[in-house]
Amino acid sequence: MSLSDPELLELNTLCNALADGIITDAGKARLEEILRTSEEARRFYVRAMALSSSLMQYAGEMQAEAPDIPAPQANVVRPAAWIWTLGSLAAAAAIVLAFWLGWSRERVVAGSASGEMAETIQDNEENVALLSGAKDCRWSGAEIKPGEELHRGQQIKLESGFAEITFDCGAQVTLEGPATLDLDSAWEAVLQRGRLKANVPPEAVGFRVSNPSVNVVDLGTEFSMVADEAGATEVFVLKGSIETTARDASGNEARPVVLREKQARRFAQAGGSEVRDREAKMEKFMRKVAFERMSRPANYVHWSFDESAGDLASASASGFEAKLATTAPSGLAGAHGAGRFQGALQLDGSLFARATFPGIHQRTPRTVAFWVNVPADASLPDADAMLAWPLGKLGRSVRVGWNRNPTQGVLGAVRTDAGRSSTVGSTTLRDGRWHHLAIVLSPKMKGEKAEKSEGALQLRQYVDGRLETVSFKRNGKRGKGADAQVASVEEALWIGRAVDDSSGARFRGAIDELYVADAALTPQEIRHLMRENKPATPEMLAAQ
Amino acid sequence: MNSESDAAAGLDRNKQLMRLMTQHQRRIFGYIYTLVPDRHDAEDILQETSVVVCEKFEQFKEGTDFVAWACQIAYWEVRRSRQKFARAKVVFDQDVVDAVAQTAAEMMPEVSARHEALAQCLQKLHARDRELVLTRYEPGSGVELAAQRSGRSLEAAYKALGRIRKLLHDCVTNQLSVEGAT
Chain A
3 MSLSDPELLE LNTLCNALAD GIITDAGKAR LEEILRTSEE ARRFYVRAMA LSSSLMQYAG
63 EMQAEAPDIP APQANVVRPA AWIWTLGSLA AAAAIVLAFW LGWSRERVVA GSASGEMAET
123 IQDNEENVAL LSGAKDCRWS GAEIKPGEEL HRGQQIKLES GFAEITFDCG AQVTLEGPAT
183 LDLDSAWEAV LQRGRLKANV PPEAVGFRVS NPSVNVVDLG TEFSMVADEA GATEVFVLKG
243 SIETTARDAS GNEARPVVLR EKQARRFAQA GGSEVRDREA KMEKFMRKVA FERMSRPANY
303 VHWSFDESAG DLASASASGF EAKLATTAPS GLAGAHGAGR FQGALQLDGS LFARATFPGI
363 HQRTPRTVAF WVNVPADASL PDADAMLAWP LGKLGRSVRV GWNRNPTQGV LGAVRTDAGR
423 SSTVGSTTLR DGRWHHLAIV LSPKMKGEKA EKSEGALQLR QYVDGRLETV SFKRNGKRGK
483 GADAQVASVE EALWIGRAVD DSSGARFRGA IDELYVADAA LTPQEIRHLM RENKPATPEM
543 LAAQ
Chain B
2 MNSESDAAAG LDRNKQLMRL MTQHQRRIFG YIYTLVPDRH DAEDILQETS VVVCEKFEQF
62 KEGTDFVAWA CQIAYWEVRR SRQKFARAKV VFDQDVVDAV AQTAAEMMPE VSARHEALAQ
122 CLQKLHARDR ELVLTRYEPG SGVELAAQRS GRSLEAAYKA LGRIRKLLHD CVTNQLSVEG
182 AT
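Those protein sequence lines, which keep their order, are chains A and B.
In this text, residue positions in the first sequence follow the working numbering: the first is 3, and each later residue adds one.
In this text, residue positions in the second sequence follow the working numbering: the first is 2, and each later residue adds one.
Here chain A stands alone, though its shape is the one from the complex (with noise of 0.2 Å):
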């Protein structure tokens, strides 16, 4: 059959409302009787929703191509990273991918008139590391408190006196002025002068630490380092190993050399050299120093999940208790099981649970830490989602769930998204063993752009303890409209669902020794939580 004009150009009308998405139901219906009828209406339909399809990769291409739209974020798409840490095919395509859902990702930056920028976490406002504790500290430059946030590419400049800096990842480090110190990373610092002793936990073991001679690799264990004026580093090892890779004038890596407890070694640009005064150094780097520390209050809500039966899950704190739901026909019958301690909450794809907690839509710091347990055969639909709750009143939410999306990292992961902003880990939970999880997520009050905003975030995670961060924006599309203020905000936290049900997407697994603090909860504190299962006190702290 052979389309007469009229009828091509109802066609045309038809496929161009499709393509943009006004489309009547009437509309719909009369388009697919005319493509089921004719092979030339198909034909003509096909070559209308490629050109749409073409003109969103040339759009896309030239919007990446335009000099004034910052590039994403260099940790979104990293091939050679992803080939050497994951290896997997699934890995492989999501590099892939990312490509071509980086065009999606930049929309975010197409919309910025929408402020949505400012709740992504830009490089050089994210956070690496605090200050953790300061004896006699005088600062060449701004003074910096105890419990300040330190950012990345800061440059710690100490006079004199000692401080001591916690990083993300868990590596404890303590500056001894006159130092200069600048952090790269919460994994990586550069010793410009001065000398500083590192301690990293067995949770941080690759924490680095480099200056122009000499490049330390921690291999779990406490160690120091002394940068001298003239460019000559010595290195101890009070503990554990190390891996010391020397350095030349010219940058040129020499092989690695493990050090081993009470070794040391010099590194200066004419080479490696025994230290003099060896057993005198090491002595004086064991002393230990009274830091002043900075006292911060956190107040936690446990759930146990240790009930063998009911509908109720009790909670450390009153009113907080969780109530457990299904649309299952078989009930609550397998919701209790065996957990890391005790018992745990089974989910088992249909069954979830509302916990009240008012004010937990506020953007304040705050820390959920919970163990899990995904099954190896968990499908897609499965991963939403462990945990939710309301953020703000723009009626946004957080969801920390594992990643199903391998163009946004490792299939599997634990991913929370924030609002618009998403953090994917790079260990897969999809193992069928308990993994415990912590998410932290501080609001970023300094900077102007952040006060002007609805409050960023910074999200990290830990999964056994272990720093796991690749953060990215996140195609904002979605949430068109979301931005008007919502008129109230149920003030519950949600397990085994996402606070939005509509998809009836629910979370299979276990869940077991939830805790939601208040604050954001530094390494140590979440690997005493990990450890003990309770909270840390300040006491117990000081005497790791």
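One should not assume that every hint holds.
To be verified - Okay, derived cross-link-like pairs now, EDC-like style, lysine to aspartate or glutamate, Cα gap no bigger than 16 Å in a straight line:
| id | chain 1 | residue 1 | chain 2 | residue 2 |
| --- | --- | --- | --- | --- |
| 1 | A | K325 | A | E492 |
| 2 | A | K30 | B | D94 |
| 3 | A | K30 | B | D96 |
| 4 | A | K159 | A | D230 |
| 5 | A | K30 | B | D39 |
| 6 | A | K147 | A | E294 |
| 7 | A | K290 | A | D138 |
| 8 | B | K62 | B | D13 |
| 9 | B | K167 | A | D7 |
| 10 | B | K160 | A | E12 |
| 11 | B | K167 | A | D22 |
| 12 | B | K16 | B | E56 |
| 13 | A | K159 | A | E231 |
| 14 | B | K160 | B | E145 |
| 15 | B | K167 | A | E12 |
| 16 | A | K159 | A | D184 |
| 17 | A | K536 | A | D308 |
| 18 | A | K283 | A | E178 |
| 19 | A | K264 | A | D279 |
| 20 | A | K395 | A | D502 |
| 21 | A | K283 | A | E263 |
| 22 | A | K283 | A | E224 |
| 23 | A | K286 | A | E178 |
| 24 | B | K160 | A | D22 |
Unchecked claim - Ranges of calculated distance between the beta carbons of each label pair, as one might list FRET restraints:
| id | chain 1 | residue 1 | chain 2 | residue 2 | range |
| --- | --- | --- | --- | --- | --- |
| 25 | B | Q17 | A | G312 | 47 to 57 Å |
| 26 | B | R14 | A | D313 | 45 to 55 Å |
| 27 | A | A28 | B | D96 | 12 to 22 Å |
| 28 | B | L177 | A | E41 | 11 to 21 Å |
| 29 | B | Q17 | A | E294 | 51 to 61 Å |
| 30 | B | D66 | A | Q271 | 53 to 63 Å |
| 31 | B | A114 | A | P8 | 28 to 38 Å |
| 32 | B | R164 | A | D433 | 47 to 57 Å |
| 33 | B | E145 | A | E492 | 29 to 39 Å |
| 34 | A | G23 | B | E63 | 36 to 46 Å |
Simulated from the structure, these hints should not be mistaken for lab results.
Backbone N, C-alpha and C define an ideal beta-carbon position, used for all residues, glycine too.
Following the hints, put chain B in place on chain A, whose structure we already have.
Chain B in isolation, oriented as in the chain A frame:
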């Protein structure tokens, strides 16, 4: 084979998959979008397709048509997405999707040629029209934003977009017939 050469072979296979996906994802997306004419739904299905493509890549025979193979997978993902999600992800009835899928598969070479020709046709547009249509299709944008930026009313923008698409469609068809003739 020892484990080292196994690993090397795996790495090569990874590279091959990456190369194929980089080269062809646009075409696979185009195919999905034709069956599910909503950008976001099509992107979601592309993601799910990519997972399956990765998982099944061992079954892909070298030297055969990768796009056709991947589109087969995409087709089943489109079907599955209808069963799996409560909300309507798929606009058309299954019989229409099937008929369109067949036509789209047959038209792959033509659609590719049209995509190439479109680049030149875009250059031939008036600057104002080009800006409107590209703004409309920018990631994160839409007709409303395009209308706003070009100082048009929404209704005028819809009309202008219809006119521009027709211009581009005709230009591409014309270009291909000229190329076909020479």
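Name the hints, by number, that the structure is in violation of. Violated hints: none at all, because every hint is consistent with the structure.
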